[in-house]
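If you want the building blocks of each chain, they are given just below.
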Amino acid sequence: MRGPLSRADMARRAAQDIPEGAYVNLGIGLPTMISDYLPPDREIILHTENGMLGMGPVAVGDQIDPDLINAGKIPVTELPGAAYFHHADSFAMMRGGHLDICVLGAFQVSITGDLANWHTGGEGAIPAVGGAMDLAIGAKEVFVIMELFTRDGSCKLVPECTFPLTGIGCVGTVYTDYAVFTIASDGVTVVEAFGGLGVQDLEKSTGLSLRG
Amino acid sequence: MRGPLSRADMARRAAQDIPEGAYVNLGIGLPTMISDYLPPDREIILHTENGMLGMGPVAVGDQIDPDLINAGKIPVTELPGAAYFHHADSFAMMRGGHLDICVLGAFQVSITGDLANWHTGGEGAIPAVGGAMDLAIGAKEVFVIMELFTRDGSCKLVPECTFPLTGIGCVGTVYTDYAVFTIASDGVTVVEAFGGLGVQDLEKSTGLSLRG
Amino acid sequence: MISKIIGSVAEAIADVRDGSTVMIGGFGSAGQPVELIDALLEQGAKDLTVVNNNAGNGTTGLAALLQARRVRKIICSFPRQVDSQVFDGLYRAGELELELVPQGTLAERIRAGGAGIAGFFTPTGYGTMLADGKETRRIDGRDYVLESALSADFALIKAHRGDRLGNLVYRKTARNFGPLMVGAASVAIAQVASIVEVGELDPESVVTPGIYVQRVVEVSSHTPPSTQGQ
Amino acid sequence: MISKIIGSVAEAIADVRDGSTVMIGGFGSAGQPVELIDALLEQGAKDLTVVNNNAGNGTTGLAALLQARRVRKIICSFPRQVDSQVFDGLYRAGELELELVPQGTLAERIRAGGAGIAGFFTPTGYGTMLADGKETRRIDGRDYVLESALSADFALIKAHRGDRLGNLVYRKTARNFGPLMVGAASVAIAQVASIVEVGELDPESVVTPGIYVQRVVEVSSHTPPSTQGQ
Numbered sequence: 004m005r006g007p008l009s010r011a012d013m014a015r016r017a018a019q020d021i022p023e024g025a026y027v028n029l030g031i032g033l034p035t036m037i038s039d040y041l042p043p044d045r046e047i048i049l050h051t052e053n054g055m056l057g058m059g060p061v062a063v064g065d066q067i068d069p070d071l072i073n074a075g076k077i078p079v080t081e082l083p084g085a086a087y088f089h090h091a092d093s094f095a096m097m098r099g100g101h102l103d104i105c106v107l108g109a110f111q112v113s114i115t116g117d118l119a120n121w122h123t124g125g126e127g128a129i130p131a132v133g134g135a136m137d138l139a140i141g142a143k144e145v146f147v148i149m150e151l152f153t154r155d156g157s158c159k160l161v162p163e164c165t166f167p168l169t170g171i172g173c174v175g176t177v178y179t180d181y182a183v184f185t186i187a188s189d190g191v192t193v194v195e196a197f198g199g200l201g202v203q204d205l206e207k208s209t210g211l212s213l214r215g
Numbered sequence: 004m005r006g007p008l009s010r011a012d013m014a015r016r017a018a019q020d021i022p023e024g025a026y027v028n029l030g031i032g033l034p035t036m037i038s039d040y041l042p043p044d045r046e047i048i049l050h051t052e053n054g055m056l057g058m059g060p061v062a063v064g065d066q067i068d069p070d071l072i073n074a075g076k077i078p079v080t081e082l083p084g085a086a087y088f089h090h091a092d093s094f095a096m097m098r099g100g101h102l103d104i105c106v107l108g109a110f111q112v113s114i115t116g117d118l119a120n121w122h123t124g125g126e127g128a129i130p131a132v133g134g135a136m137d138l139a140i141g142a143k144e145v146f147v148i149m150e151l152f153t154r155d156g157s158c159k160l161v162p163e164c165t166f167p168l169t170g171i172g173c174v175g176t177v178y179t180d181y182a183v184f185t186i187a188s189d190g191v192t193v194v195e196a197f198g199g200l201g202v203q204d205l206e207k208s209t210g211l212s213l214r215g
Numbered sequence: 008m009i010s011k012i013i014g015s016v017a018e019a020i021a022d023v024r025d026g027s028t029v030m031i032g033g034f035g036s037a038g039q040p041v042e043l044i045d046a047l048l049e050q051g052a053k054d055l056t057v058v059n060n061n062a063g064n065g066t067t068g069l070a071a072l073l074q075a076r077r078v079r080k081i082i083c084s085f086p087r088q089v090d091s092q093v094f095d096g097l098y099r100a101g102e103l104e105l106e107l108v109p110q111g112t113l114a115e116r117i118r119a120g121g122a123g124i125a126g127f128f129t130p131t132g133y134g135t136m137l138a139d140g141k142e143t144r145r146i147d148g149r150d151y152v153l154e155s156a157l158s159a160d161f162a163l164i165k166a167h168r169g170d171r172l173g174n175l176v177y178r179k180t181a182r183n184f185g186p187l188m189v190g191a192a193s194v195a196i197a198q199v200a201s202i203v204e205v206g207e208l209d210p211e212s213v214v215t216p217g218i219y220v221q222r223v224v225e226v227s228s229h230t231p232p233s234t235q236g237q
Numbered sequence: 008m009i010s011k012i013i014g015s016v017a018e019a020i021a022d023v024r025d026g027s028t029v030m031i032g033g034f035g036s037a038g039q040p041v042e043l044i045d046a047l048l049e050q051g052a053k054d055l056t057v058v059n060n061n062a063g064n065g066t067t068g069l070a071a072l073l074q075a076r077r078v079r080k081i082i083c084s085f086p087r088q089v090d091s092q093v094f095d096g097l098y099r100a101g102e103l104e105l106e107l108v109p110q111g112t113l114a115e116r117i118r119a120g121g122a123g124i125a126g127f128f129t130p131t132g133y134g135t136m137l138a139d140g141k142e143t144r145r146i147d148g149r150d151y152v153l154e155s156a157l158s159a160d161f162a163l164i165k166a167h168r169g170d171r172l173g174n175l176v177y178r179k180t181a182r183n184f185g186p187l188m189v190g191a192a193s194v195a196i197a198q199v200a201s202i203v204e205v206g207e208l209d210p211e212s213v214v215t216p217g218i219y220v221q222r223v224v225e226v227s228s229h230t231p232p233s234t235q236g237q
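The listed protein sequences correspond, in order, to chains D, F, L and C. Per our numbering, the first sequence starts with residue 4, numbered consecutively. Per our numbering, the second sequence starts with residue 4, numbered consecutively. Per our numbering, the third sequence starts with residue 8, numbered consecutively. Per our numbering, the fourth sequence starts with residue 8, numbered consecutively.
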């Protein structure tokens with residue numbers, strides 16, 4: 004049950020909302036794809052939590068250096084004006100609220116902005132948190148990018164998360180294949196819906212009360 | 004009421020107890036004088052809390068650089084192998100127990116190793132603590148170097164400090180103009196007395212019970 | 008294109024308001040952003056809370072700011088110096104509030120302010136009058152004092168070289184509080200001896216990554232003697 | 008003359024004992040001290056507690072140490088990976104204790120261990136199962152979790168260049184946990200790609216001052232493929 008936007012389209016849409024001059028951390032997976040669609044006329048500085056500001060595109064061929072990787076352990080490149088630092092400094096930067104935006108994937112986002120993205124909590128599942136909790140609470144704005152529904156049709160924007168939480172009340176904007184939502188104290192607003200859908204269509208499919 | 008050792012002699016005596024390879028912080032005043040007497044055959048690395056390891060001698064003439072000063076704000080020099088770091092890193096180094104020895108001056112040291120060296124507590128006295136408390140609790144060993152008596156004849160090695168404390172139970176060795184004392188859980192021991200004095204002479208003049 | 012470069016120290020500090028908390032870098036004169044302080048004096052904001060290691064030397068820089076009665080409170084570790092007469096007089100007259108903090112605790116509180124850490128347990132100061140009234144705790148057999156983060160509206164610091172992204176390097180012991188204060192302030196303003204092109208600073212050697220710096224202003228080293236620190 | 012240089016990785020880790028806590032640098036393979044880990048495997052110490060960001064990849068390095076049943080407990084942030092089959096098996100079989108820590112909290116706890124800070128209040132993890140049972144506190148309207156310092160008997164790390172005093176510089180994102188772990192361990196052992204003369208490292212660019220490092224061992228980059236991390 005996929006919506007009107009492809010994953011590439013979703014990444015492209017989220018990329019539009021990253022302004023000139025922003026310091027941004029893109030999480031592993033779909034969020035990383037956003038870097039391919041950042042408007043070329045904007046200077047945006049990417050942070051990777053393993054110790055770098057000014058990260059460039061994925062390394063290819065001779066550029067590959069095992070000492071220069073991103074948080075997903077993919078070889079990347081360095082842009083002019085980059086800086087390296089150790090892990091405590093890198094997470095101080097995140098925790099201290101210095102990043103403008105971080106973009107994360109999610110299992111679930113609640114209508115109050117709670118985020119669940121690190122652990123299914125299932126029997127026998129091996130937990131691995133990495134930097135997810137630090138990212139969730141650290142950036143000035145937290146964007147989530149995810150398909151709105153699971154493969155079995157469950158809505159991932161939920162009244163209350165059932166998966167173990169990553170952070171409480173931290174998500175501000177959710178980019179999905181059906182719509183872009185913002186979450187604030189007065190509820191969830193549909194900023195933009197795709198494929199001709201209206202707020203009522205989305206209310207019906209999500210089972211949520213939404214603002215237009 | 005000065006003892007057999009001059010201030011230079013006291014500094015020379017304390018310098019003998021600083022071993023090869025030690026990382027050392029020398030406090031402002033008399034402790035700083037110790038650097039003039041460090042045995043030249045020992046490689047000893049000096050720390051200054053304003054952000055440097057590998058501090059060299061006081062700068063003279065063209066060496067003077069206003070950006071390179073010690074904790075007493077005196078221009079100093081840099082030795083090969085030096086490193087600069089910011090204040091939080093510098094005090095993490097101190098607080099974290101990485102310095103082998105720090106040498107401090109004192110108003111009073113108690114027989115249980117309490118140190119008072121930052122504030123007379125007098126009416127109208129302006130307090131200034133600087134790095135004194137961090138140094139007192141941070142180094143593996145804390146040496147104090149001071150005259151044993153004040154100008155008016157009061158002993159500065161005391162049953163209990165009457166001046167405001169800098170740190171509790173932190174001083175291990177006290178270098179004075181009359182004797183060198185070590186402080187441990189079993190009391191104060193005279194390691195070496197100067198000018199032909201005996202333990203009984205020192206007990207009489209200090210009013211303390213001392214071990215030989 | 009990002010450019011954090013500001014044309015003058017006056018512009019750089021124009022929005023400091025009455026009642027602002029301002030961190031000022033430097034240990035003695037090393038790393039003291041003298042020209043930014045002078046601009047702040049000129050600008051006129053008052054009722055300031057200042058965080059600095061010292062409380063002014065002689066009659067220039069921070070001392071001049073104190074003398075002009077712009078500072079309500081100072082948070083520092085070492086106010087009393089041979090040439091701290093301006094501070095001494097105001098403090099004795101009860102015209103300046105002092106929060107005295109051990110130097111390492113001051114540095115760590117500023118770091119905490121920039122690192123999103125609300126408080127920490129430190130052994131420094133335990134059992135002394137500087138821990139009076141503070142929460143203490145015995146952890147693994149040692150006694151600690153709970154200290155809180157410090158943050159600020161503005162940081163004024165001095166660095167050696169900077170670029171338009173705000174990346175900074177420092178010189179020798181003039182580094183001191185600069186890299187900490189820029190993290191703890193909403194608006195961090197760095198005066199640098201020279202602005203360099205992006206890419207000139209070695210990414211392995213950048214001490215302050217640009218993310219922490221909002222404004223960079225080049226200050227020629229040929230300042231008139233009257234505005235130099237001592 | 009001070010010299011912290013040790014002739015071989017085997018000598019460098021010879022005194023690791025059964026039950027030791029060992030911090031191991033690296034984020035994935037970047038900064039992983041593969042040769043020191045291999046030497047530790049050879050040496051035979053068991054019942055180890057290991058602190059690392061991950062829990063081994065493939066079948067070499069840390070994974071081999073786990074496979075050989077030398078590790079009783081692992082403190083890490085990200086054990087589960089596509090190639091963490093060794094950890095996965097042992098964990099599922101209940102043969103390996105796991106303490107899972109958010110990555111930034113792990114880094115900050117190690118820093119605290121080296122900085123004499125016993126504990127700190129962090130917002131990370133508040134309200135999640137990783138804060139279960141931990142003390143929390145509301146400070147200035149935000150909720151925080153109290154986390155404690157981590158320290159170790161040994162740290163095994165990889166750096167780029169080092170000198171006989173133990174001064175180190177790193178390469179790119181291989182810096183990661185190295186500069187923190189050397190501070191938190193009683194004995195810090197650095198393998199470096201090359202040893203340089205004292206004075207060759209720029210004092211402004213030294214990342215780890217020698218005070219934190221007890222042993223430096225040069226490891227040629229021409230290691231057999233079987234001991235290379237991935």
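Simulated from the structure, these hints should not be mistaken for lab results. Keep in mind it's a predicted model, so treat the numbers as computed, not measured. One or more of the hints may lead you astray.
Once the Cα atoms are required to be at most 27 Å apart in a straight line, the calculated DSS-like pairs of lysine-lysine come out as [to be verified]:
{"id": "1", "chain 1": "L", "residue 1": "Lys141", "chain 2": "F", "residue 2": "Lys143"}
{"id": "2", "chain 1": "C", "residue 1": "Lys141", "chain 2": "L", "residue 2": "Lys141"}
{"id": "3", "chain 1": "D", "residue 1": "Lys143", "chain 2": "C", "residue 2": "Lys141"}
{"id": "4", "chain 1": "D", "residue 1": "Lys159", "chain 2": "D", "residue 2": "Lys207"}
Right, here's what the structure says about each hint:
1. For the proposed pair L:Lys141 and F:Lys143, the alpha carbon gap of about 26 Å is at most 27 Å, so the pair holds.
2. For the hint linking C:Lys141 to L:Lys141, the alpha-carbon distance of about 22 Å falls within 27 Å, and the restraint holds.
3. For the suggested pair D:Lys143 and C:Lys141, the alpha carbons sit about 26 Å apart, so the restraint of at most 27 Å is met.
4. Annotation: proposed proximity of D:Lys159 to D:Lys207 holds, straight-line Cα distance about 14 Å (limit 27 Å).
The structure meets every hint from the earlier list without exception.
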